[in-house]
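Number of protein chains: 2
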Amino acid sequence: MQVLETIAQLRNWVAAKKEAAQTIGFVPTMGALHDGHLTLAKAAKAENDVAIMSVFVNPTQFGPHEDFDAYPRDLARDVALATSVGVDAVFAPSVAEMYPHDGGIRIHAGRQATILCGASRPGHFDGVLQVVSKLFHLVEPTKAYFGQKDAQQVAIIQTMVRDFNFPIELGIMPIVREEDGLAKSSRNMYLTEAERAQAPHIYAALQLARDVLQNTHDAAAAVSAARTHIEAHTSGRIDYIEVLSYPDLAAVDATTTDVLIAAAVYIGSTRLIDNIFVSNGGQ
Amino acid sequence: MQVLETIAQLRNWVAAKKEAAQTIGFVPTMGALHDGHLTLAKAAKAENDVAIMSVFVNPTQFGPHEDFDAYPRDLARDVALATSVGVDAVFAPSVAEMYPHDGGIRIHAGRQATILCGASRPGHFDGVLQVVSKLFHLVEPTKAYFGQKDAQQVAIIQTMVRDFNFPIELGIMPIVREEDGLAKSSRNMYLTEAERAQAPHIYAALQLARDVLQNTHDAAAAVSAARTHIEAHTSGRIDYIEVLSYPDLAAVDATTTDVLIAAAVYIGSTRLIDNIFVSNGGQ
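For the protein sequence lines, the chains are A and B, in the order given.
Counting in our numbering, the first sequence runs from 1 upward without gaps.
Counting in our numbering, the second sequence runs from 1 upward without gaps.
Incorrect hints may appear among the rest.
Unchecked claim - If you want a taste of the chain A side facing chain B, the calculated C-beta under 7 Å gives, among others:
no., residue
1, Lys45
2, Ala46
3, Arg111
4, Ser133
Unchecked claim - Below 30 Å or equal to it, Euclidean Cα-Cα: the simulated DSS-like pairs (lysine-lysine) are:
no., chain 1, residue 1, chain 2, residue 2
5, A, Lys18, B, Lys45
6, B, Lys18, A, Lys18
7, A, Lys184, A, Lys143
8, B, Lys149, A, Lys143
9, A, Lys18, B, Lys184
10, A, Lys42, B, Lys143
Claimed, not checked - Label-pair restraints from in silico Cβ distances:
no., chain 1, residue 1, chain 2, residue 2, range
11, B, His217, A, Asp67, 48 to 58 Å
12, A, Asp67, B, Phe68, 44 to 54 Å
13, A, Ala70, B, Ala16, 18 to 28 Å
14, A, Thr257, B, Val95, 45 to 55 Å
15, A, Leu170, B, His217, 51 to 61 Å
16, A, Gln2, B, Leu170, 48 to 58 Å
17, B, Ala70, A, Pro174, 44 to 54 Å
18, A, Asp239, B, His108, 39 to 49 Å
19, B, Gln2, A, Leu170, 22 to 32 Å
20, B, Arg111, A, Thr257, 18 to 28 Å
Since the hints were made in silico from the structure, they are not lab data.
Ideal Cβ placement from N, Cα and C applies to all residues, glycine included.
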């Protein structure tokens, strides 16, 4: 395991792998690794000659009142976990290493970023696309791995890779859940014991919405059932529950083949997201 | 010489060169090739194992009232000229091949794009960055070549490559001029004989500005001298004449090391641009 802290070190590592004609699997993360990240890392290692993970809490995707400063950072723990699943290198740059200049050029996500999490996090996905495009140019991966848990992020990154012709394959891995169904997240550690007991009801509500959608083909009824479930079983505040086409994230209609049912709920002060895919439009 | 019309053909060509560990020199153009382009192509061929040129009139960098439809297109002529200087492949895609989808993601150039040509061409440099980033991802060149004639374009592309960590070297080639000093341009063919006779005074005015700057260290006096020269010797309308730091394109001050003197002048209805670099700030 090599820990690479500078772009120069990373470029040397990448050049050596390219020269040896090795395929590179890449897992971009903000650290605070959990089983979801490790599932991505295992796939990166299994499907490629070498696997590299980035650990970088990217400031440009946090809003001014979000948890950039408080976001958990423990590089030694992350490196140990990455090592345990066979990752060959961790790229862990400083903010100054990643953003030494600002020439003012920005990538702006489009309509896909104005809904769901984007509605309450203006600029968030612009920052994600900025750092992901930088990391793609730095790591030059054969295949990059993302978790389906961040379904909107995945949809927007898929769109960027497609529309800007990045020479990179994407691997999208299923959500990893706790035994009671709660989607694994670095933010789960913020939950109190009482909040943690309520949190699995987000997934239960999504499953209920899926069943209603499959039985009634009625998106509004599915959303309503999920809302009622969360309001009945948690003290949480619903940010959104939506039924959308995937990956364009528009209203579902008769032509929709892949449906995303996505929720964001504040349990206490912790905002949790989760989602379910339904094939064949739930039609 | 291979003419590649689809992205699939291009990807195959690039993969074969990469597999053979060959370096790729790349010259992006909008066709209508002149000696300036061929100078770029010769450098691409001389400095790399193989050279590829793109010929694509990119709609997203033209404004609604600009000359996209009228822009000269003659692929057979361009391919013959590229062949004559040893180019190995020409990538000449259709608009539908380059823009089959629109997910709405855009690259926005920053302050550098708000002045000079950007002031009268809103969105132009956004479109340039869009197509250049797509072409960079498609061609995966070792080194890409641009002409110093489009100094603002070069400054903005250099900024994108730097800030977004493109794994690409840039080669910037000097302006190629007619014997009377007029910078070569695809748009020179639009000039009437009388206009063509006036056009060299743009370069003469820039040389005068350079001399005034070097003698007086007074940017305003340099601009004034160039304006007076153009007004005295042409019937043209000055769009801009500016003295700026390079590559940030800001006001010149005591710390400036590289100065760009740039002009855009309408001669008749044809807008011509030209520029001169002055090292050591003309100080």
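Here is what the structure says about each hint:
no.	hint	in the structure
1	Lys45	23 Å, violated
2	Ala46	23 Å, violated
3	Arg111	5 Å, holds
4	Ser133	6 Å, holds
5	Lys18(A) - Lys45(B)	23 Å, holds
6	Lys18(B) - Lys18(A)	10 Å, holds
7	Lys184(A) - Lys143(A)	23 Å, holds
8	Lys149(B) - Lys143(A)	38 Å, violated
9	Lys18(A) - Lys184(B)	40 Å, violated
10	Lys42(A) - Lys143(B)	35 Å, violated
11	His217(B) - Asp67(A): 48 to 58 Å	51 Å, holds
12	Asp67(A) - Phe68(B): 44 to 54 Å	46 Å, holds
13	Ala70(A) - Ala16(B): 18 to 28 Å	50 Å, violated
14	Thr257(A) - Val95(B): 45 to 55 Å	27 Å, violated
15	Leu170(A) - His217(B): 51 to 61 Å	54 Å, holds
16	Gln2(A) - Leu170(B): 48 to 58 Å	29 Å, violated
17	Ala70(B) - Pro174(A): 44 to 54 Å	52 Å, holds
18	Asp239(A) - His108(B): 39 to 49 Å	28 Å, violated
19	Gln2(B) - Leu170(A): 22 to 32 Å	29 Å, holds
20	Arg111(B) - Thr257(A): 18 to 28 Å	43 Å, violated
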